[in-house]
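Residue numbers (our numbering), protein chains in the order written: chain A, 1 to 119; chain B, 1001 to 1139.
If you are wondering where the hints come from, they were derived from the structure by calculation, not from laboratory data. Hints should not be assumed to be uniformly reliable.
Label-pair distances were calculated between CB atoms; the ranges are [as the list claims (entries may be wrong)]:
(1) A/Asp22 to B/Glu1099: 22 to 28 Å
(2) A/Lys78 to B/Ser1064: 37 to 43 Å
(3) A/Lys78 to B/Arg1017: 15 to 21 Å
(4) B/Lys1002 to A/Gly73: 22 to 28 Å
(5) A/Ser97 to B/Ser1013: 33 to 39 Å
(6) A/Ser8 to B/Glu1006: 42 to 48 Å
(7) B/Leu1014 to A/Val13: 25 to 31 Å
(8) B/Glu1066 to A/Tyr106: 23 to 29 Å
(9) B/Gly1089 to A/Arg72: 21 to 27 Å
(10) B/Tyr1090 to A/Arg72: 28 to 34 Å
Just so you know, these numbers come straight off a predicted model, no measurement behind them. Just so it is clear, CB atoms sit at the ideal spot from N, CA and C, and this is done for glycine as well.
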Amino acid sequence: MTVRDIVSTLEGVLLTGEELLDTDIKAACGADLMSDVMAFVKEGVVLLTGLLNPQAIRTADMMDIKVIVFVRGKKPPKDMVQEAQDNGIALIATKYSMFLACGRLYEAGLRSGGTRDIQ
Amino acid sequence: MKLHYEVPGDDLSLAGRASTEVKRALGRLGIDPVEIKRVAVAMYEAEINMVIHAGGGTAEADISPERVTVVLADHGPGIADLDLAMQEGYSTAPESVREMGFGAGMGLPNIKRNADDLHIDTALGLGTTVTIVIKLKTG
């Protein structure tokens, strides 16, 4: 699935990252806790989050995550969009909740996400 | 190569800048992306911890062909029970930190998972020094 497919599946708005529209995305991670993102995430991931602060961008940057979807109609402020742009990260806003956004992507064929044994 | 940063302790939204710069420096040196990610995550978590719990401090990254050594030192309250702090899910961070996406008790475990060597020197009322070593295969 490409970033372009994610935008259309989520009826989203691309806020920055035109150049990443054809990037291939293999898996998804939905989380508001950034340490969880850093504990679980592998390669080629889209991050879905309701966390609207710069740490979402920084966490994505650390993990080489190229796409972030902000769920529940949240739209990041200009300085966050700028930071994402500077770091080559695409941002998408969607009206869907976390549950519906994840469900729509799953249904559209994005099935990988990884598991972790109960500790 | 040695990089030195002051980490300001008053604004969590700025935390992570030192880690970002170290990540960029490692990238410019052509180090393996998987190893860079290990350094970046471990250092970033430690930097966040220092801002949340200790009012900031200093971060130093020493890059050699064999390894990256990151030392983060603060003059915060110290860690009362290190074994407990190393457990996933244990956190003393306030609610305001959770609203920023951290404080869920995954920081130290994440550092440990990514580090080849982790040494935490802490004293109550004096501060904490975290030393993270990541070995480089390319070295």
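Status of each hint after checking the structure:
Here the CB-CB span from A/Asp22 to B/Glu1099 is close to 35 Å, at odds with the stated 22 to 28 Å. For the hinted restraint 37 to 43 Å between A/Lys78 and B/Ser1064, the CB-CB distance of approximately 40 Å keeps it satisfied. The given range of 15 to 21 Å is respected by A/Lys78 and B/Arg1017, whose C-beta atoms sit roughly 19 Å from each other. The beta-carbon spacing between B/Lys1002 and A/Gly73, approximately 46 Å, falls outside the hinted interval of 22 to 28 Å.
Checking the proposed 33 to 39 Å range against A/Ser97 and B/Ser1013 shows it is violated: the Cβ atoms sit about 25 Å from each other. Taking 42 to 48 Å as the suggested C-beta distance range, the pair A/Ser8 and B/Glu1006 conforms, at roughly 45 Å. Restraint check, B/Leu1014 to A/Val13: a C-beta distance of roughly 27 Å satisfies the suggested window 25 to 31 Å. For B/Glu1066 paired with A/Tyr106, a C-beta distance near 43 Å fails the hint of 23 to 29 Å.
For the hinted restraint 21 to 27 Å between B/Gly1089 and A/Arg72, the CB-CB distance of approximately 26 Å keeps it satisfied. A hinted range of 28 to 34 Å holds for the C-beta pair B/Tyr1090 and A/Arg72, which are about 29 Å apart.
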